[in-house]
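Protein chains in written order, with the numbering used here: chain A, 1 to 113; chain B, 1 to 114.
Every clue listed holds true.
Listed next, the in silico DSBU-like pairs over lysine-lysine satisfying Cα-Cα at most 30 Å (straight line):
| hint | chain 1 | residue 1 | chain 2 | residue 2 |
| --- | --- | --- | --- | --- |
| 1 | A | K79 | A | K108 |
| 2 | A | K42 | B | K57 |
| 3 | B | K83 | A | K105 |
| 4 | A | K45 | A | K79 |
| 5 | B | K83 | A | K42 |
| 6 | A | K42 | B | K71 |
| 7 | A | K105 | B | K9 |
| 8 | B | K71 | A | K45 |
| 9 | B | K57 | A | K105 |
| 10 | A | K42 | B | K14 |
| 11 | A | K45 | B | K70 |
| 12 | B | K9 | A | K45 |
Residues of chain A clear of chain B, computed beta-carbon distances all greater than 10 Å:
| hint | residue |
| --- | --- |
| 13 | E15 |
| 14 | S26 |
| 15 | G54 |
Hints were generated in silico from the structure; no laboratory data involved.
Please read all numbers here as calculations on a predicted model, not as lab measurements.
A virtual CB, placed ideally from N, CA and C, is assigned to each residue, including glycine.
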Amino acid sequence: RKEVEQDPGPFNVPEGATVAFNCTYSNSASQSFFWYRQDCRKEPKLLMSVYSSGNEDGRFTAQLNRASQYISLLIRDSKLSDSATYLCVVNSYSGAGSYQLTFGKGTKLSVIP
Amino acid sequence: DGGITQSPKYLFRKEGQNVTLSCEQNLNHDAMYWYRQDPGQGLRLIYYSQIVNDFQKGDIAEGYSVSREKKESFPLTVTSAQKNPTAFYLCASIPYTGAGQPQHFGDGTRLSIL
Chain A
1 RKEVEQDPGP FNVPEGATVA FNCTYSNSAS QSFFWYRQDC RKEPKLLMSV YSSGNEDGRF
61 TAQLNRASQY ISLLIRDSKL SDSATYLCVV NSYSGAGSYQ LTFGKGTKLS VIP
Chain B
1 DGGITQSPKY LFRKEGQNVT LSCEQNLNHD AMYWYRQDPG QGLRLIYYSQ IVNDFQKGDI
61 AEGYSVSREK KESFPLTVTS AQKNPTAFYL CASIPYTGAG QPQHFGDGTR LSIL
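Okay, chain B solo, but in the shape it has when bound:
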């Protein structure tokens, strides 16, 4: 079955630690996105990538980094510079960037501070 797989489902970060969230898709989609959702809040864009080896900052990129070495994979690293990392992280993809394209999401990773 085609889809977007995020792992792990739950992740705990210690003070000063970097952690990496995985997002893999086998849909052959060009564009991939990372969002953060806080309780009672809308989704906020962290980073996005339209093609391999290229990515752009979203609205809240500080304290995060990404890479896009393969079309299928778009990992997100939450660095120690992100002082409030506790949130629900969602990865999404679309076939290609364009108007009229709804995004489809993975089932998310919940990150908490130890």
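The shape of chain A in the complex, shown without the other chains:
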């Protein structure tokens, strides 16, 4: 069964803090990985792709450990505007030339003044 597991939180952190989210996936044949951000009652928006070598985009750093089937997202110097739900998303081959995304249930972050 394809699954993506995340700690649901909520994570309540003060402004300026560093916070890390973890995600595990069960399908060892998964091909690509993403973090999405979803604000309350809005659609998910792509935050960043996750590459094997790890990648950084400003205050955000994503890491992938294929051996452990584990993905992480680190947010440094948290801002109030970072408050949202963060979705871990895994892209896997589903047969007949198609790939499908499997979404975690999300981790809720609240950044407190």
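Chain B: place on chain A using the hints.
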């Protein structure tokens, strides 16, 4: 501006009624997807289409139907057979099906039962 447009934003369904949710994209994307999201839950795949005139069932297709007569359009019908239709419905698309392709979403339709 290119993007994915879903309409309506809010929709109410009466008992026994079929309703259709619209999804249009002007991104020239080949593949389109419909998801359902329930409160506190992850997105679940209803149907997807990789090319015009072809579509495949996702994990929770029962009670739903789709069509893909044009590349730009992928409407979803919630039939009366779907007994628990209240949810947030999201349409997504990607340029082509393949590894490494993140999906981009429309802003969703909230469906409720009257």
